[in-house]
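Enquirer: Heads up: the sequence lines are chains F and P, in that order.
Numbering of the first sequence is given in our numbering, commencing with residue 1 and proceeding in unit increments.
Numbering of the second sequence is given in our numbering, commencing with residue 317 and proceeding in unit increments.
If you're looking for bench data, these hints aren't it; they were derived computationally from the structure.
Every residue gets a Cβ at the ideal spot worked out from N, C-alpha and C, and that includes glycine.
Please note: incorrect hints may appear among the correct ones.
One side only, chain F facing chain P, incomplete, derived with CB under 10 Å [what the hints assert, rightly or not]:
1) S94
2) K117
3) V273
30 Å max Cα-Cα, derived DSS-like pairs, lysine-lysine [what the hints assert, rightly or not]:
4) P:K691 / F:K117
5) P:K468 / F:K117
6) P:K468 / P:K673
7) P:K663 / P:K471
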Amino acid sequence: MEQFLEQLINALVLGGIYALIAVGYTMVYGIIELINFAHGEIFMLGAYLAFALVTVFGLPFWIAVPISMLLCAGIGMLMDLVAYRPLRNAPRLSALITAIGVSIGLQNLARIIWGAKQRPFPPESLPAFLRPGAPPTEPLPAFSLTETAIALPGGAYLPYRDLSIILLALFLMITLNRLVSLTKIGKAMRACAQDRVAANLMGINTNRVIVITFAIGSALGAVAGVMVGVKEIIEPTMGYYKGVAAFAAAVLGGIGNITGAMLGGLLIGFAEVFGAGYIPYGYGSGYRVAIAYIVMIAVIIIRPSGLFGKSTATRA
Amino acid sequence: MRNWLIGLLIVAFVSILGCSHQPEVRVAVAGPLTGNAAAFGEMIKRGAELKAKEINEAGGINGMKLTLIFGDDAGTEKEARAVATRFATDRRILAVVGHFNSACSLAGKPIYAENGIVELSPGSTNVSVCEGSDWTFRNLYRDDFQGEFIAKYIKNVLTELQSVGVLFDNDDYGRGLKDAFTAEAEIIGLNIVAAEAYDRDNTDFKAQLTSIKAKNPEVIFVSGLYSQAALIVKQAREAGITAQFFGADGVDSPDFLEIAGIAAEGTYLTTPFTFGAGGEEALKVAQAFEAEFGVPPDTWAALTYDAVGMIAEAIEKTHNKEAQLAENRKAIRDHLASLDTAEEGYKGITGLTYFDKNGDTLNKPAYVKIVKDGKFTTAPKQMLEL
Chain F
1 MEQFLEQLIN ALVLGGIYAL IAVGYTMVYG IIELINFAHG EIFMLGAYLA
51 FALVTVFGLP FWIAVPISML LCAGIGMLMD LVAYRPLRNA PRLSALITAI
101 GVSIGLQNLA RIIWGAKQRP FPPESLPAFL RPGAPPTEPL PAFSLTETAI
151 ALPGGAYLPY RDLSIILLAL FLMITLNRLV SLTKIGKAMR ACAQDRVAAN
201 LMGINTNRVI VITFAIGSAL GAVAGVMVGV KEIIEPTMGY YKGVAAFAAA
251 VLGGIGNITG AMLGGLLIGF AEVFGAGYIP YGYGSGYRVA IAYIVMIAVI
301 IIRPSGLFGK STATRA
Chain P
317 MRNWLIGLLI VAFVSILGCS HQPEVRVAVA GPLTGNAAAF GEMIKRGAEL
367 KAKEINEAGG INGMKLTLIF GDDAGTEKEA RAVATRFATD RRILAVVGHF
417 NSACSLAGKP IYAENGIVEL SPGSTNVSVC EGSDWTFRNL YRDDFQGEFI
467 AKYIKNVLTE LQSVGVLFDN DDYGRGLKDA FTAEAEIIGL NIVAAEAYDR
517 DNTDFKAQLT SIKAKNPEVI FVSGLYSQAA LIVKQAREAG ITAQFFGADG
567 VDSPDFLEIA GIAAEGTYLT TPFTFGAGGE EALKVAQAFE AEFGVPPDTW
617 AALTYDAVGM IAEAIEKTHN KEAQLAENRK AIRDHLASLD TAEEGYKGIT
667 GLTYFDKNGD TLNKPAYVKI VKDGKFTTAP KQMLEL
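Let the sequences and hints guide you as you build the complete structure.
Expert: Here you go:
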C-alpha cells in the first residue's frame, strides 16, 4: 500500500511534467499542423535560463522563473517568425525538417554556452520547501509536516516540491483550458484550428494567433523545464529525452487536442512508473521508456487518431 | 570571385608557413567529451594533454613532436563507431588511446582490429573488452575482478550489512558488473533482495527506488556511471531510503559529489587508482595537473596519463620513419604485447602495467574510497588481498 501510494505520486509528478510539455506540441500542431520538434529545446532552455538567472545574476528563484517563462515565450515567437512563418505555405515536410534543424541548433547552442556537463540547481538558491530533503530518520505520524515533506499514512512521504509540481501543473492546465474556451484569443485559436483560411477571411489575424500560440506553449514548456531542473538535473539533451516522451503523449491523446495532451501526458507518466515498478525481473525498470511507447502504440492501433483526436480521414 | 581566390591563396600560404619543420607523430584520444559521461571525457582529455605537454617539453619522442587528436564518442556506440572509423582510416594516426565507456570500446574494437591500429583503453572494465582482438588493450582491472571485490568487501568489511539491492545501468558496463557482483554474492552467501535496471538517458529513478525500498535492503549497489548514481542517491534520500550506498569506478568522478550534494555523504566506491596510494611520482603529477587546469586530477586523468605514456614509449622504441604506416602501427602493438611480465611492465603513476595474452591488465588492485565531508577520501579499511 505504501509502495502503491509512492508510485502514484511518482506517476502524477512525471505525468504532470509530460502533460505540460505535450500541450506545447499539440497547440502548435492543432493550428498549423507542424510537429515542432524544437519544443523540447524550449523546455531545456527554460531550465537553463532560470538556472543562469539564479546563479549568474543572483535573482531569487521566484523571480527567475517568470522571467525565464517570458524569455522562452519570446524565443518561441522568434522561432516562428524566423523559421516557420516563411514556410507557411511550403510543403509540410519542409517545415518539419526546419523544426528538426532548429532543435539541433538550439541544443548545440546550449552546449556551447553552458557546456555538456549536467548541472543541478544549487540548493541554496531554492526556496527552503523546494530543497532536496534530508531523510526522515524515524517514521512520523500521518499528515505531520517536516521541513520538506508531508508524511503520508503508511510511512510514505510527499515532498512539497512534488506536491508543488502536481498543483502547478494542474493550475496551469486549468488556466489554459479556460483561456482557450472562454477568451477572445482562445476563440480565435479554435477558429484557426478548425480552418485557418476561413478564420483569416472572417478577419482574424492568423499570424498573430499563431505567434501567441507559440508564446503560450513555450512558456508552459519553460515551467516544465524548471520543474525537471529542480527535481532532477539540467543538461543540454534533456529536451530531447523528455520531449520525445511528451510528443508520444500528445499523439496518444490525439494530436491537436489540448485535453488529449494533458491526459496523454498523465497516461505516459503512469505507464512508465507503474511499468517500472511492477513488472518483475528488471524487464519493467530496464525498459520503462519502451513501455510508455507500447501503451502509445496500443492506443493508436485501437483509435488511430488518439484518445481525443478527431477523425482525419481527409488528410494523408 | 577574385577576392575569393586571393583569400584561398592566403589561407593556403599561411597554412604552409604554419607547418613547423619539426616532424610530428599523431596519437588519437577517444572519449565521451560530451553527453552524460562528459565529466570523464574532460578529465581524460586533460590527463592526455598534460602527458603530451611533458613529453614535448622534454624534447618529444626521438625529437618528434607528439600531437594528440581528440575524438568525441559522446559515450554512445553509434558515435564511437564513427570516431573509430575516422581514426583507423586516418593515415597519420599511429595509435588510439580510448575509448572510455565499455560499450564504446566494444563498438570500436572490430574497426580498429580490421585496420590494424592499437586501441588502449584507460577506462573500460567490461570483461569482454579485450577478448578476441589482438589490437585492444587496457591498463586497468576487469569487472569480474571488481564485482567480486565489491561483494567480498561488503561481506567481509561491512559485516553489519547483509542484504543488498542492486540498481544497474542497462548497458555493457552496468550489466556486466552487476552479473559479476551477483555471481560472487551467491558464492559467498550475500543476500541480494532486489535488482532493478535503468536506462542511462533517464533522470527520474523514483519508480525503481520505490520498488527497491519495499524490499528494504541495507546496502544499495549502483552499477553505473556517476551522473545517474548521483541522481539515484539524491532521489533515494528524498524517498526516505537510509541504506548504505556502494558504487564502482563509474561513480568515481568529482561530478558525483557536485550533483548529489549532501546526499553523497558516506557513499563507498571502488576505484582502480587513488592518488593517496600512488606515491611521490603520482603526487608530483597531481600538482602539475592542478597548476595547469586549476582542479585536482581524478582516477581517469591518471590512467589516461599513463596510457599516453605507454603509447609514447612504444613509439619511441619502435618507430621507423622509413617504414609504412601499417608497419609502424603493428610495431606499437607488438611492443605492447611484449610487455607480458612484471619485469617488462610499464612503470607509470598508477603502478605497473603489463598485459596477459588478451591484452588485459590483471595485476592492479582495487581501492575503496568513501565520501566524507563532501570529498572522496581513502576508506579506513582497504582489502588489497582478495
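Enquirer: Taking 10 Å as the limit, does the beta-carbon of F:K117 come near enough to a beta-carbon in chain P?
Expert: Nearest chain P Cβ about 6 Å off; hint holds.
Enquirer: Under the criterion that the straight-line Cα-Cα distance not exceed 30 Å, is the pair P:K468, P:K673 satisfied?
Expert: holds, 27 Å
Enquirer: Compare the distance between the alpha carbons of P:K691 and F:K117 with 30 Å, and conclude whether the hinted pair is satisfied.
Expert: holds, 19 Å
Enquirer: Does P:K468 pair with F:K117 here, judged by a C-alpha cut-off of 30 Å?
Expert: Cα-Cα ~34 Å, so violated.
Enquirer: Close enough to count: is the Cβ of F:V273 nearer than 10 Å to one in chain P?
Expert: holds, 4 Å
Enquirer: Are the Cα atoms of P:K663 and P:K471 separated by 30 Å or less?
Expert: The hint is violated at about 33 Å.
Enquirer: Measuring from the C-beta of F:S94 to each C-beta in chain P, is the shortest one below 10 Å?
Expert: violated, 27 Å
Hints 1, 5, 7, counting from the list given before, are not met by this structure.
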